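Colleague: So you can see what is in the structure, the chains are spelled out below.
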Amino acid sequence: MPLHSHLKKVLVIGSGPIVIGQAAEFDYSGTQAVKSLIEEGLEVVLINSNPATIMTDKETAHKVYIEPLTKKFLLKIIHKEKPDGILSTLGGQTALNLAVKLEEEGHLKRLGVQLLGCKVDTIQKAEDRKLFKELMHEIGEPVPQSTIVHSIDEALKFSEKIGFPLIVRPAFTLGGTGGGIAKNAEELLTITTSGLSASPIHQCLIERSIAGFKEIEYEVIRDSNDNCIIVCNMENIDPVGVHTGDSIVVAPSQTLSDKEYQLLRTSALKIIRALKIEGGCNVQYALDPHSFQYYVIEVNPRVSRSSALASKATGYPIAKIAAKIAVGKTLDEIINPVTKKTFACFEPALDYVITKIPRWPFDKFNNANRRLGTQMKATGEVMAIGRTVEESLLKAIRSLEIGLYHIELTDWENKSPEEMMDKIAKQDDERLFVIAEAMRKGVSLKEIHDLSKIDYFFLSKIQNIISTEKKLSQSPQSPFVLKESKRLGFSDKYISKLWKCSEDDVLNLRKKHHIIPVFKMVDTCAAEFESSTPYYYSTYENQDEVLTSDKKKVVVLGSGPIRIGQGIEFDYATVHAIDAIRSMGFEAIVINNNPETVSTDFNISDRLYFEPLTLEDVCHVIDRENPIGVIVQFGGQTAINLAEPLSKRGVKILGTSTDDIDRAEDRKRFEQLLRGLSIAQPLGCTVSSINEAVEKSAHLGFPVIVRPSYVLGGRAMEIVYNQEELLNYMKRAVEVNPAHPVLIDRYMIGREMEVDAISDGETVFIPGIMEHIEKAGVHSGDSIAVYPPQSVSKEILNKLSETTLLITKALNIKGLINLQFVIYKGEVFVLEVNPRSSRTVPFLSKVTDIQMAKVATKAILGLSLKEQGLFDGTLEPKNLVAVKAPVFSFAKLSEVEIALGPEMKSTGEVMGRDKSYEKALEKAFIAAGVIIPESGTILATINDKDKEEAIKLFKRFHQMGFDFVATEGTAKLLNGAQIPTRTIARIGQGEEDIIKEIKSGRVSLVINTISKGKNVESDGFKMRRIAVERGLLCLTSLDTTEALLRTIEVNSFSVDPL
Amino acid sequence: MRKIKLVLQNGKEYIGESFGYDLEHTFSMGELVFNTSMTGYQEILSDPSYCDQIVTMTYPLIGNYGINKDDFESLSLALKGLVVRECPMEGSNWRNEYSLRELLKKFKIPAISGIDTREITKEIRNSGAMKAVLVPESYLPNDVEDILAEPLRNDQISRVSTKNPIHFSGRGQRIVLIDFGYKKNILRSLLNRNSDVVVVPWDSSIDMIRSFAPKGIVMSNGPGNPKDVPEVLPVIRELQNEFPMFSICMGHQLFALANGADTEKLKFGHRGANHPVKDLKTGKVFMSSQNHGYSVTTSSVQKSDLEITQININDQSVEGLKHKRLPAFSVQYHPEACPGPEDTAWLFDDFIKTIRN
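Chains A and B are the protein sequences, given in the same order. Numbering that gives the first Met the number 0 numbers the first residue of the first sequence as 0 and each following residue consecutively. Numbering that gives the first Met the number 0 numbers the first residue of the second sequence as 0 and each following residue consecutively.
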């Protein structure tokens, strides 16, 4: 079928900022879909609020709007652009919800815009629990029996009907608070009682428990001619009970016989047909491990995280095909983009095993509840490809970059089997590793299976790894065992640990015996058809398949899994670097392991190697490709950390040299450099004992920032205001000794500025300078950044520019550099220098129209900045204001502190761009999901040292018509300052306490500044958590508060009597 | 583990571990083919159509869920060998009775693991399906050459077909299933639709078939070259004049030959569970399970009494035929699935409907 003939212009809705559960996969799908529509000759208009994406590059679509994803903005754009169709199935739940709203309210009909891909009726049937259940009954597909109850009686009655075990899910609570699994009437009574009271609407869903069933997913595609295919099925190693986004997943399924595979396949086709989806869809099943009984758990009528994974797992580009289907094409007319010889209407055959492991943020949030359940907690994921389960699993583990090179957790080596069994039963992020430790202790597979319900197949694979460890230990330097272990995916690093030799020794032994990996192609068809996909993975087999050329090659290292502190921004820069390399006539080779991203789309580069980013794995690719060099500066800290070991192995690092990277990163050498340049930085010191800390910080003067040396994203960093707090930190947060020194810096309360610059070694060009709204002390990634600076004098800006030039030249930077400054008492101090691409590169590239990563890459490859038309100094700012605001995922992570501090906590970002500062700021707030209150009650608790500043702000709030509630101290203060404030009790101190006040719904904003705490039990912590869980805006910085207030003052109406 | 080797006609040699029937002093020669199904090894191994073939599974892990008592497509294993990357010691599945290794030992099928099956697949793709042999590692090149010089047999159908008619009673109308090496699920698909089925030997005479008073005829799949059994063509021509007829795979090729079309050997055949087939009348595409080395020549259909009803999307080859005047039709693939997708099971319903009318 040809394209829908009336379609000329299509509006694509993106997914907005990265949050847990909706991440980089939508940049990948969205970008792919837009390209796919353009291929079909359509004009494409795009809206997305996330600047850190390839999708929102000017070049991606005909018109790109970086605007808040709300009905208001969408309607404005529809009015302006007058698209014929709107595509909402590629922007996650955000886009789907928006489209439903527009359709339901009649806007689309009124404006004559067709909803493509999925009708609203379909979306509702898939998303609404009740409608979905009805549809499944209609077509005879089993769903777990369930009922909604408002009383214990109703719950008991239901249990009499269907028996135990039952899952109790309280409505509208976070992370299943108050719920649980009941195995008998007594437990049901207890759990339902607590569930009902936890639920704000006093309601629970009671459902037949299918925990322990196998969790299987199918990715299905259907076209308008009712042709359906399965792209891929996947099996979760973790049985039902853990969110699929938090599960370790393999593809294809490993433990299903053909009967089971086809049973679910047939069901999935039946469901997508009943829903009449035109495009992609994901169906999740629970399959009884002891019978053919299965249940449909969930259907997503859109592309998803799983479809991105399935696309990378098979090579079949689901989003690309789904987009073409949405505009009328059928599967049998679309050419398979992989083989280019066959058609898209087929089911991929894999001849390898895929393993996906989630990447969790618990290294950042050490207070977080690590238990995995129905609420997803991972921020990203890695994927690995191998020819065996063991190889695939071990490659995935070392892709995670959590300091592990093997399935082992040395912290747990010496624990007792009982402790291990406890941990396994708890089902947290470390379970896989503890299972391996338990096996090493001799715990039987049966015991582990009984606790975890993980299939024996997977457990025996882990067992096989452990038996091979023993063989290795027993036969040091044996080439035979070495080969066997390499075929199971063991790393040289781990083997060297077992053999008590160096990694190089293992490498040399391997080379001597020709134990080197080959690279196999991912081709969707298990080699049945010839194909030339430039998509490879390493494995220890016979035949290598890489099709190389005589062209000069450049390797770009990606940034691995998305985590807090290293997000999609680095993938953005990687993709730009690839483009630039290709435009300079070189071949771009990418190594990365994140299945969600654009950089791992094999169409982006000349060759993609889906590999862990470790020295060993990267070297294998380099050995095979023999590039002129490797670019490390776009892949975040992941890639930068590989620079030194790679150059030690003789690999040429392109761009800033390894030594210069070290000069920027090594504290001592950097201090020296600044001293030589007479550039100021906050005083600091390195200490290796508690006594030394006390002594030296007294000398520096409080407050000080303390942190362990060499960490990413400010982990475990804190500001302490006095000796007591310092001692507390030293004892609680870090282990200090000469091997692990602690860094102490003077904390200067001032305005923080951020600069990104590009250099070719001669010229240093600064596209823009940004000002942070929050004072230094809030991590730069969590601050609101404004371009161009609004409150800084020309002199200061000149000084920043000069300092940047000095440092950049002194460091011989070739490529990108990021600098952070603080303005303290009118003076400029350097806080930090990163000799690499930064978080702000995509934002700045978009607002200044200088594609920084591309310019930098070209400079690295020899095209000088002058030749690129650039100059020494700072680009004159454009006549617009852009604001980058952080977005957090606190609602998904229970027991996590939300107060901003030196540790980064945000998962994503949005951009607001307009003619005035206040408008841009308001847009950024709206895009970040902040509901800006125009009036109402503010709940305030203010720390002593903030009182003066707070009162000034609160007076302005009061003038705008807000009133206040506060606990006694703050209330007294505010009333004293003529700000009418109602007094309420502290938590548990009276009838009307803070918690009750928040729960009452009367509060529209919470302002809470703290000096310290981090104590889960503290009142402040509880209050903040409850506010977040209720979806209330909770501000912990007065600077953010001021910004918000300013938008209210400028942008909203005041009401005054005559 | 004993080392054995797989030697291809083109001289390529692969050493791996023996995990099936132990090849101590003997060898096993056959036509080397590959199958891209990711599940369904039990059905594949017990499919008589693989008679005299050495099957390479492209999916690297074979044997994961063991062997159960239900999923056999015949009571015996007719293949000459199995080639995989890895086979676990034990299977894991609730229906698992014993391991794949044990099955292979029981039926004396040699098997080799630990080798680069993707490389072998590419060899077959590039050079075409060819003879190959599994031998103990100690065999010398000359010995192997001599073995490979022997021609392949061409009597597969007679070896796998039933020797005597067998009756499976059902409440519905009687169907005679001509057995060229039928897969159990063809029978099950008919029985599940309440048919009464008599399975008859491949070389049954027209009179013998008539004597069962069938209402319809199904011709099954089977191994080898359709041109090896020219004696069945006159029988088919008579049968189609008297009874509605539905033919599958080998049956489809014989149906084509009987009606004046021709067949040809494909370079490396279609073996897998993901082959897209397009119905020319409805424009709909189905995923099909396939296992054939020969195919009906497209150009030959024009001058026959047949018309093409379905084609393969990938190579446009003939996937379905029907007689221009008679109620007889056929498909190249396996609507009975097992292994593979169940998308085309409706063909059985269509056939039953044809009989009824």
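Worth flagging that the hints you see were computed from the coordinates, not collected in a lab. Be aware that one or more of the hints could be misleading.
[Stated by the list, open to error] Below are the SDA-like pairs computed for lysine to any residue, each with C-alpha atoms no more than 25 Å apart in a straight line:
| hint | chain 1 | residue 1 | chain 2 | residue 2 |
| --- | --- | --- | --- | --- |
| 1 | B | 121 | A | 476 |
| 2 | B | 2 | A | 476 |
| 3 | A | 269 | B | 348 |
| 4 | B | 214 | B | 11 |
| 5 | B | 11 | A | 531 |
| 6 | A | 340 | B | 348 |
| 7 | A | 485 | B | 299 |
[Stated by the list, open to error] Examples of chain B residues lying across from chain A (beta carbon under 7 Å, computed):
| hint | residue |
| --- | --- |
| 8 | 38 |
| 9 | 63 |
| 10 | 64 |
| 11 | 163 |
| 12 | 167 |
| 13 | 286 |
| 14 | 312 |
[To be verified] Reference excerpt, derived from the structure (chain A facing chain B, CB under 10 Å, subset only):
| hint | residue |
| --- | --- |
| 15 | 228 |
| 16 | 340 |
| 17 | 733 |
All of these numbers come straight from a predicted model, not from anything done at the bench. Heads up, the beta-carbon is just placed ideally off N, CA and C, and yes, glycines get one too.
Colleague: What's the verdict on residue 269 of chain A and residue 348 of chain B, does the C-alpha distance respect the 25 Å limit or exceed it?
Modeller: 18 Å, holds
Colleague: Any CB of chain A closer than 7 Å to the CB of residue 163 of chain B?
Modeller: Check failed: Cβ of residue 163 of chain B comes no nearer than 30 Å to chain A, outside 7 Å.
Colleague: Holds or violated: are the alpha carbons of residue 340 of chain A and residue 348 of chain B at most 25 Å from each other?
Modeller: At roughly 34 Å apart (the allowed maximum being 25 Å), residue 348 of chain B and residue 340 of chain A break the hint.
Colleague: Does the alpha-carbon distance linking residue 214 of chain B and residue 11 of chain B stay inside the 25 Å limit?
Modeller: 52 Å, violated
Colleague: Double-check residue 38 of chain B for me: the hint is only fine if its C-beta lies closer than 7 Å to a C-beta in chain A.
Modeller: Interface hint status for residue 38 of chain B: holds (4 Å vs cutoff 7 Å).
Colleague: Minimum Cβ distance from residue 312 of chain B to chain A below 7 Å?
Modeller: Holds. Min distance 5 Å.
Colleague: Verify the interface restraint on residue 286 of chain B: the C-beta must sit less than 7 Å from at least one C-beta of chain A.
Modeller: 6 Å, holds
Colleague: Between residue 11 of chain B and residue 531 of chain A, is the straight-line Cα distance small enough, at 25 Å or below?
Modeller: Since the Cα atoms of residue 11 of chain B and residue 531 of chain A sit roughly 24 Å apart, the hinted pair holds (cutoff 25 Å).
Colleague: For the hint on residue 733 of chain A, just tell me whether its beta-carbon gets within less than 10 Å of chain B.
Modeller: Violated: closest Cβ of chain B sits about 45 Å from residue 733 of chain A, beyond 10 Å.
Colleague: If you take the shortest Cβ to Cβ gap from residue 64 of chain B to chain A, is it below 7 Å?
Modeller: 5 Å, holds
Colleague: Given the hint that residue 121 of chain B pairs with residue 476 of chain A, does the C-alpha gap stay at or below 25 Å?
Modeller: This hinted pair is violated, its Cα atoms lying about 34 Å apart.
Colleague: Taking 7 Å as the limit, does the beta-carbon of residue 63 of chain B come near enough to a beta-carbon in chain A?
Modeller: With a minimum Cβ separation of about 5 Å from chain A (threshold 7 Å), the hint on residue 63 of chain B holds.
Hint compliance for this structure: hints 1, 4, 6, 7, 11, 12 and 17 are not met, and every other hint is.
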